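Residue numbers (our numbering), protein chains in the order written: chain G, 1 to 185; chain X, 1001 to 1239.
Each hint should be verified, as a subset may be incorrect.
[Unchecked claim] Quick partial rundown of chain X residues pointing at chain G, CB under 10 angstroms, derived from the structure:
1. L1022
2. I1053
3. N1138
[Unchecked claim] Quick list of simulated restraints, FRET-style, between CB atoms:
4. X:E1029 <-> G:S74: 26 to 32 angstroms
5. G:Q9 <-> X:R1070: 22 to 28 angstroms
6. G:L165 <-> X:A1199: 43 to 49 angstroms
7. X:Q1206 <-> G:D155: 39 to 45 angstroms
8. X:G1222 <-> G:T159: 35 to 41 angstroms
9. G:G166 <-> X:R1225: 30 to 36 angstroms
10. G:K139 <-> X:G1202: 55 to 61 angstroms
11. G:L165 <-> X:I1075: 39 to 45 angstroms
12. G:L59 <-> X:D1187: 25 to 31 angstroms
13. X:Q1206 <-> G:V163: 49 to 55 angstroms
14. X:G1074 <-> G:S170: 39 to 45 angstroms
15. X:P1069 <-> G:R7: 24 to 30 angstroms
16. X:G1164 <-> G:A23: 43 to 49 angstroms
Hints were generated in silico from the structure; no laboratory data involved.
Treat the numbers as computed from the prediction; the structure is a model and nothing was measured.
Backbone N, C-alpha and C fix where the C-beta goes; we use that ideal spot for every residue, glycine too.
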Amino acid sequence: MTTLLTRDQLAYALGMTGQGDRAAFRTVYLATSAKLLGVCLRILADRQIAEDVLQETYLTVWKKAGSFDASRASPITWLVTIARNRAIDRLRATAKFRKSTPVDAANEIVDDAVLPSETIERDDDARRLHGCLDQLDEKVGGVIRTAFMEGATYDSLATRENVPLGTMKSWIRRGLLRLRTCLEQ
Amino acid sequence: MTEPTDINEDEALAGELALRVLSPEAEAEARLREANDPAFAVEVEAWNAHLAIFAADIAPVEPSQGVWPRIAAGIATPANDNARLTFWRRWAVGSTGLLAASVAAMAILLMQPAPAPVVVSAPAESGVMRVATLSLDNGISAMTIAYDSVTGALYLAPTHEMAGDTRVPHLWLVMPEGGVQLVGAIDGTNTSRHNLTGALSGMAGQAVSVAVSMETPGHTPGAARPDGPVVASGQMQQL
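When you get a sec, could you build the whole thing from the sequences and use the hints?
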């Protein structure tokens, strides 16, 4: 049911959504909801909660589409950022009710992750990302990826990797800057 | 591998904020910085663009059939109101610009969600009634406000979201030209009524959004900038 749109078509539909065009909004939804649910599900690991956050995400998109500027951001980047931030907010809000961090469960989720080699290798973005991740220390690339995919904080990453908090911060800060330098080339 | 010897602190902090690895306290501080420092906000946006590339590794999952109808219901408005609301929304979006976007982005979750937000209807007063529902960043309602731009009467109805917080909630107006204006400290637990006078009453009639910041007890922030984190915000709409 996913509609395939070019970046320009999606940017146009998002722009029209910003002007209150419901049909354009529906087009944006059809073209991007599967990707955004994938993002939410990766962080929340519960389909019902992920779909709930997906709903919130599109209501936010409807409200904020007028501020989307196609000359400054790619439409899918803009949408992924909203979905991911919403999912992380939900994750952290519900985590307060949990008695302990489900480290084992989290590790299982990591194991279930789709391996890069199994996914859209031909996709330019994925290839570029993996090329740059390969230039990082494997462990550093891994924790940055986990932070993105699961919304994990410094604290939880340090606990999982069993390293001091300062070490984790240093890994990620340096890794991020190296990654950015590579992606900008 | 060779390590960069000099780390640009701002660039790294913007990256940490975009990646969401910071502790809640550090994140709140960085969000404030993002709202008040356009150059820093641009850095965060650039990091978001870079990091979103990770999504290329995430397999799409088709949502259930029931999701779209719920979204469609969420954006539904009475048919005869469409044109006016669309106009209002365009005007609001066009005029609030970066600051409103930043204020919205800065809204962070600091309080635990309550199961059932309270729905409060606006009191029947004369004049042009403006209303807003202030939501936390997770979409949960924190407060409903109603404002009569003729009499200056302001009615605040918080949900349970701010109850128990030891900090003092302060109400802010987000103006069309982009600045913010302090209204004052408010009761975050019980409904309250106020009367705005002078310049403030006119500004409240023009504000495009309202926001709530949490300030340290005993501390009053400057009129044009919150010192504590902004925890909730919502657009003002005419009834």
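Hint check results:
no. : hint                                   : verdict
1   : L1022                                  : holds, 7 angstroms
2   : I1053                                  : holds, 5 angstroms
3   : N1138                                  : holds, 5 angstroms
4   : X:E1029 <-> G:S74: 26 to 32 angstroms  : holds, 29 angstroms
5   : G:Q9 <-> X:R1070: 22 to 28 angstroms   : holds, 25 angstroms
6   : G:L165 <-> X:A1199: 43 to 49 angstroms : holds, 48 angstroms
7   : X:Q1206 <-> G:D155: 39 to 45 angstroms : holds, 43 angstroms
8   : X:G1222 <-> G:T159: 35 to 41 angstroms : holds, 39 angstroms
9   : G:G166 <-> X:R1225: 30 to 36 angstroms : holds, 32 angstroms
10  : G:K139 <-> X:G1202: 55 to 61 angstroms : holds, 58 angstroms
11  : G:L165 <-> X:I1075: 39 to 45 angstroms : holds, 43 angstroms
12  : G:L59 <-> X:D1187: 25 to 31 angstroms  : holds, 28 angstroms
13  : X:Q1206 <-> G:V163: 49 to 55 angstroms : holds, 53 angstroms
14  : X:G1074 <-> G:S170: 39 to 45 angstroms : holds, 43 angstroms
15  : X:P1069 <-> G:R7: 24 to 30 angstroms   : holds, 28 angstroms
16  : X:G1164 <-> G:A23: 43 to 49 angstroms  : holds, 45 angstroms
The structure shown violates none of the earlier numbered hints.
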